[in-house]
Amino acid sequence: MAEIDYIAQAKESAIAALVGLALTVPIVGLRTDSSGPDGMTIDVRMLDAVLLAIGIGVGHFMVNLARGLLQQRRRAAKPAIARAANLKSVAYFLGAGALVFGLVLPGLPFADRYVMDVGTLVLTYVMLGWGLNIVVGLAGLLDLGYVAFYAVGAYSYALIASHFGWSFWVCLPLAGAFAAFFGIILGFPVLRLRGDYLAIVTLGFGEIIRVILLNWYDFTGGPDGMSRIPRPDFFGLPFARSSPDGATFHEFFGLEFSSMHRIIFLYYLIFALALLTNVFTLRIRRLPVGRAWEALREDEIACRSLGVNPTNTKLTAFAIGAMFGGFAGAFFATRQGFISPESFTFIESAVILAIVVLGGMGSQIGVVLAAILLIGGTEIFRDLAEYRMLAFGAAMVAIMVWKPRGLLSNREPTVRLGPKPGAGS
Amino acid sequence: MTAPLLAVDRLTMRFGGLVAIDAVSFHAENQKITSIIGPNGAGKTTVFNCLTGFYKPTSGRLLLTTPKGEFHLERMEDFRINQRAGVARTFQNIRLFPAMSVLENLMVAQHNKLMRASVWSLAGLLGLGAYRRAERDAVELGRYWLERIDLIDRADKPAGDLPYGDQRRLEIARAMCSEPRLLCLDEPAAGLNPRETLLLNDLLRFIRDEHNAGVLLIEHDMSMVMEISDHIVVLDYGRKIAEGDPEAVRNNPAVIRAYLGEDEEESA
Amino acid sequence: MEYFLQQLINGVTLGSIYGLIAIGYTMVYGIIGMINFAHGDIFMIGAFSGLIVIVGLGALGLGSAGGLIVVAIIGAMIVAAAYGWALERIAYRPLRGSFRLAALISAIGMSILLQNYVQLAQGARVKPLQPMIEGGFVLMQKGDFTVNLSYLQIIIVGTTIALMTGFSLLIAKTSIGRSQRACEQDMKMAALLGLDVNRTISLTFMMGAALAAVAGMMFLIYYGVIDFFIGFLVGIKAFTAAVLGGIGSLPGAMLGGLLIGLIETFWSGYFTVEYKDVAAFAILVLVLIFRPTGLLGRPEVEKV
Chain A
1 MAEIDYIAQA KESAIAALVG LALTVPIVGL RTDSSGPDGM TIDVRMLDAV LLAIGIGVGH
61 FMVNLARGLL QQRRRAAKPA IARAANLKSV AYFLGAGALV FGLVLPGLPF ADRYVMDVGT
121 LVLTYVMLGW GLNIVVGLAG LLDLGYVAFY AVGAYSYALI ASHFGWSFWV CLPLAGAFAA
181 FFGIILGFPV LRLRGDYLAI VTLGFGEIIR VILLNWYDFT GGPDGMSRIP RPDFFGLPFA
241 RSSPDGATFH EFFGLEFSSM HRIIFLYYLI FALALLTNVF TLRIRRLPVG RAWEALREDE
301 IACRSLGVNP TNTKLTAFAI GAMFGGFAGA FFATRQGFIS PESFTFIESA VILAIVVLGG
361 MGSQIGVVLA AILLIGGTEI FRDLAEYRML AFGAAMVAIM VWKPRGLLSN REPTVRLGPK
421 PGAGS
Chain B
426 MTAPLLAVDR LTMRFGGLVA IDAVSFHAEN QKITSIIGPN GAGKTTVFNC LTGFYKPTSG
486 RLLLTTPKGE FHLERMEDFR INQRAGVART FQNIRLFPAM SVLENLMVAQ HNKLMRASVW
546 SLAGLLGLGA YRRAERDAVE LGRYWLERID LIDRADKPAG DLPYGDQRRL EIARAMCSEP
606 RLLCLDEPAA GLNPRETLLL NDLLRFIRDE HNAGVLLIEH DMSMVMEISD HIVVLDYGRK
666 IAEGDPEAVR NNPAVIRAYL GEDEEESA
Chain C
694 MEYFLQQLIN GVTLGSIYGL IAIGYTMVYG IIGMINFAHG DIFMIGAFSG LIVIVGLGAL
754 GLGSAGGLIV VAIIGAMIVA AAYGWALERI AYRPLRGSFR LAALISAIGM SILLQNYVQL
814 AQGARVKPLQ PMIEGGFVLM QKGDFTVNLS YLQIIIVGTT IALMTGFSLL IAKTSIGRSQ
874 RACEQDMKMA ALLGLDVNRT ISLTFMMGAA LAAVAGMMFL IYYGVIDFFI GFLVGIKAFT
934 AAVLGGIGSL PGAMLGGLLI GLIETFWSGY FTVEYKDVAA FAILVLVLIF RPTGLLGRPE
994 VEKV
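Residue numbers (the working numbering), protein chains in the order written: chain A, 1 to 425; chain B, 426 to 693; chain C, 694 to 997.
Treat the hints as calculated values from the structure; they're not laboratory data. For each residue, glycine too, the CB sits at the ideal point set by N, CA and C. Some clues are possibly wrong.
[What the hints assert, rightly or not] Computed from the model, here is a short list of chain B residues facing chain A with C-beta under 8 Å:
(1) Thr470
(2) Asp503
(3) Phe504
(4) Ala513
(5) Arg520
(6) Phe522
(7) Pro523
(8) Ala524
(9) Met532
(10) His536
(11) Met540
(12) Val564
(13) Arg568
(14) Ala580
(15) Ser603
[As the list claims (entries may be wrong)] Quick list of the computed label-pair ranges, beta carbon to beta carbon:
(16) A:Asn312 - B:Asn465: 53 to 59 Å
(17) A:Leu384 - B:Leu547: 46 to 52 Å
(18) C:Glu695 - B:His497: 32 to 38 Å
(19) B:Glu454 - A:Ile184: 42 to 48 Å
(20) B:Ser648 - A:Gln72: 48 to 54 Å
Whenever a hint applies, use it, and build me the whole structure from the sequences.
Shown next, in the form of structure tokens:
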């Protein structure tokens, strides 16, 4: 067993700190300031730069130390196969636990308005992650413009609901259908492109949608966005103190009026939508089309030699992924009551993609884990607003370097000849 | 006389100025093993790529005649050649779906059949009985081939984890699961040890005799080609220089000159 | 006609800036086959470094405008190259040979990290800079409308041409260039032949970063205002330029940059300013559909 050479590591970390210093001195140490009376000045903050560089060195040392210790332990630990089986059951229990926890969360004593809002937000991203997982995780199509479908869903919901006054339950499928339609329109010409090209084209498409939303003033309200989007009702019962046309939710059920009703309802709504996405994905994965998605991800040429129509197969993945994005968008619109192009920037696509990849491509429970970590995590650090996105970016890099295949990357076959291994134990 | 399973008529393929195949014609019969041999760069794989739609030939005709009808392969899109005409192939560098299980590989090969059974996923999503039956049949077909290639114990393991020789045979089984009328094998014995080559010979004979399909084979291993071929086509620099049964090809002076080298010893 | 000429001049200027950034994308893509997603942010850091040098030395009362710009360009190149090196070391090297998407995600993470890092270190507000080089030639005059070719535009296009020429020579003639081309062809073989692959890749990132820094400096003195977010859109357009020209090809990157610059200026000049980004992306989509290898890219034969 190799001992850890602390001296050599300390030296390495010292070098890292020096390099860090070279990086931080110009950017952190010399702050340009345009607030003064006589144009731009330089505000010298060398202490910050030095502290940051020391931080880099210490961080470097800790990471290396942790890695060394981990390696030592791993050598002594169980063989990989046993670990994999273990991981499978861990994922299973994690999934079951998350489901139960999600169901009872609103009833827990600490579930105040803030907790419910964070929960709803996390679930929205879980749903988006699951939707994108179909495209990226299963079909292997790198989509950097997923937010476009989210936007299409949100705006079509807002437009239909405001103009026609139809209920949420009518508008929701319509929003999904519109998003799927957009997915097909976009997908048709570009799905034959190879991975990275597809990524950049979808990114471009996302930006195009945003620019159009921003500039088509008559239709979308431009940068001001759309407000007073109808809120959802409980199968015809509005969540209001009183309603001119009939009973409201609290009257019907004989409850005290509370603004929490709507919030809890929204929570369960997204919970159900997300669950629907999950069940749908788990089912379709076992169907021929789902297997063809994964096969296309693995080897497109082999697929073609076996008679799989690559364009149609990719298109279904794209359209279905877009549809779930559209559902999530409709939910977003009705929850917020207000939407503007600002909610649909590239960073959203990047966040959703990060959730999918960090979770472990194709892993459903991995998406949940990553969404809780990234969205919930940054939400908790809301007070450190300025450092939030910094930490977010750093976390993305760190997790990828640590686990390139994602947090949970076990793949379960969609069909088996034999019994499940370890099913009894 | 009935039409041959595959009639290749003056097939020509040019890449820019390079003529990879020059007016090659030959036939492949049902329930026969037809081998295409020739030195490296003779244009063998290019013939395959034209047959399976990965290249569009510059000129020439590729006519496949099956009970389902006549198919002009040169006019069809690659995936339709398998889907409609029933031509399946394997690749020189094995192309399995490595992360998917062995059985799943065989299921993907039955994609079109299962898609129809699942009514483009609708019946499948609802879990209707008709689809369930079709899926069970597909698994059974997979089991049949896995037993045949002796991989039944590894059915649920990722295909990428199999040893090389097993991957080769799995790729053939996968092609067979698409229930083809013509099976094209691109150097299936490459990298196999003698024992594995024998297993492969048995498998090919089995396919020929029991499965009402023609086999088209590209191979470098001469002893194998001579042993199992019913008919051999010899290419050199994109031209056909000889054809006939193994005995005739073995004794053909042009073949000996071009292929086996100037000294007239047979190389294995 | 006059209007057209003016748009042409503006478009070529903008295109030079895109072209310089596009080279970084194309080189990195050529050598490791990945989109360096954080390259736009390296460009942004280059622009900030230049600004810091100019303001810093200006406050000390050193140097003339010309000298100041030269020093600022060199400073920006050094700082950006250092960041380019660190970027590769942190976000790419540990993931080399691993799963493709992983590297893309870590690069996107790096991009977010760098943006927020600069925002924290330098403030979120836009940074204005007084025009440093004014004046120019009046090429044509018709009524109220004059066609101007400013000294600044000449400097930008001239510098770009000089850098491009030097850079092409560097790739074609020196051992660094040879190692790069060898790695592009076959990284494993190059390593077996005793080439220091790590060093070559690091150098590639640093060179790309240095060129992006020059572009950043040009952007700074041309537009006179920068913020921490400029890297995103400019970066995407430069990548579009690289793809348009044919990824992996240096002349392609330059040509693509010019085209994107021209498309953007003409679109804003003749149609609508609001949709200029849409135009660039629409062109990208069309090119990829009808000529996936880009204008000057080598066709990639699918090996079966």
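Verification of the hints:
1. Against a cut-off of 8 Å between C-beta atoms, the interface hint on Thr470 (chain B) is violated, since the closest Cβ of chain A lies about 13 Å away.
2. Hint status for Asp503 (chain B) relative to chain A: holds, with the closest Cβ pair at about 5 Å, below 8 Å.
3. A least Cβ separation of about 5 Å between Phe504 (chain B) and chain A falls short of the 8 Å threshold, and the interface hint therefore holds.
4. This hint holds: Ala513 (chain B) has a C-beta 7 Å from the nearest C-beta of chain A, less than the 8 Å allowed.
5. For Arg520 (chain B), the interface hint holds, since its Cβ comes within 8 Å of a Cβ in chain A; the closest pair sits about 4 Å apart.
6. Hint status for Phe522 (chain B) relative to chain A: holds, with the closest Cβ pair at about 4 Å, below 8 Å.
7. Proximity of Pro523 (chain B) to chain A holds as hinted, the smallest CB-CB distance being about 6 Å (cut-off 8 Å).
8. At its closest, the beta carbon of Ala524 (chain B) sits 6 Å from a beta carbon of chain A; the interface hint therefore holds under the 8 Å criterion.
9. With 8 Å as the threshold, the beta carbon of Met532 (chain B) comes within range of chain A, its nearest partner Cβ sitting at about 6 Å, so the hint holds.
10. Given hint, His536 (chain B) at the interface with chain A, holds; its Cβ is 5 Å from that chain's nearest Cβ, closer than 8 Å.
11. Hint status for Met540 (chain B) relative to chain A: holds, with the closest Cβ pair at about 5 Å, below 8 Å.
12. About 6 Å separates the beta-carbon of Val564 (chain B) from the nearest beta-carbon of chain A, less than 8 Å, and the hint is met.
13. For Arg568 (chain B), the shortest C-beta to C-beta distance to chain A is roughly 6 Å, which falls under 8 Å, so the interface hint holds.
14. A least Cβ separation of about 4 Å between Ala580 (chain B) and chain A falls short of the 8 Å threshold, and the interface hint therefore holds.
15. Proximity of Ser603 (chain B) to chain A holds as hinted, the smallest CB-CB distance being about 5 Å (cut-off 8 Å).
16. Between Asn312 (chain A) and Asn465 (chain B), the C-beta spacing of about 38 Å breaks the proposed range 53 to 59 Å.
17. As the Cβ distance of Leu384 (chain A) to Leu547 (chain B) is approximately 49 Å, the hint placing it in 46 to 52 Å holds.
18. A hinted range of 32 to 38 Å for the beta carbons of Glu695 (chain C) and His497 (chain B) is inconsistent with their spacing of about 59 Å.
19. Distance hint check for Glu454 (chain B) and Ile184 (chain A): the Cβ-Cβ separation is about 44 Å, which falls inside the suggested range of 42 to 48 Å.
20. A C-beta distance of roughly 53 Å is found between Ser648 (chain B) and Gln72 (chain A), which places it inside the suggested range of 48 to 54 Å.
Hint check: violations occur at hints 1, 16, 18; the rest are consistent with the structure.
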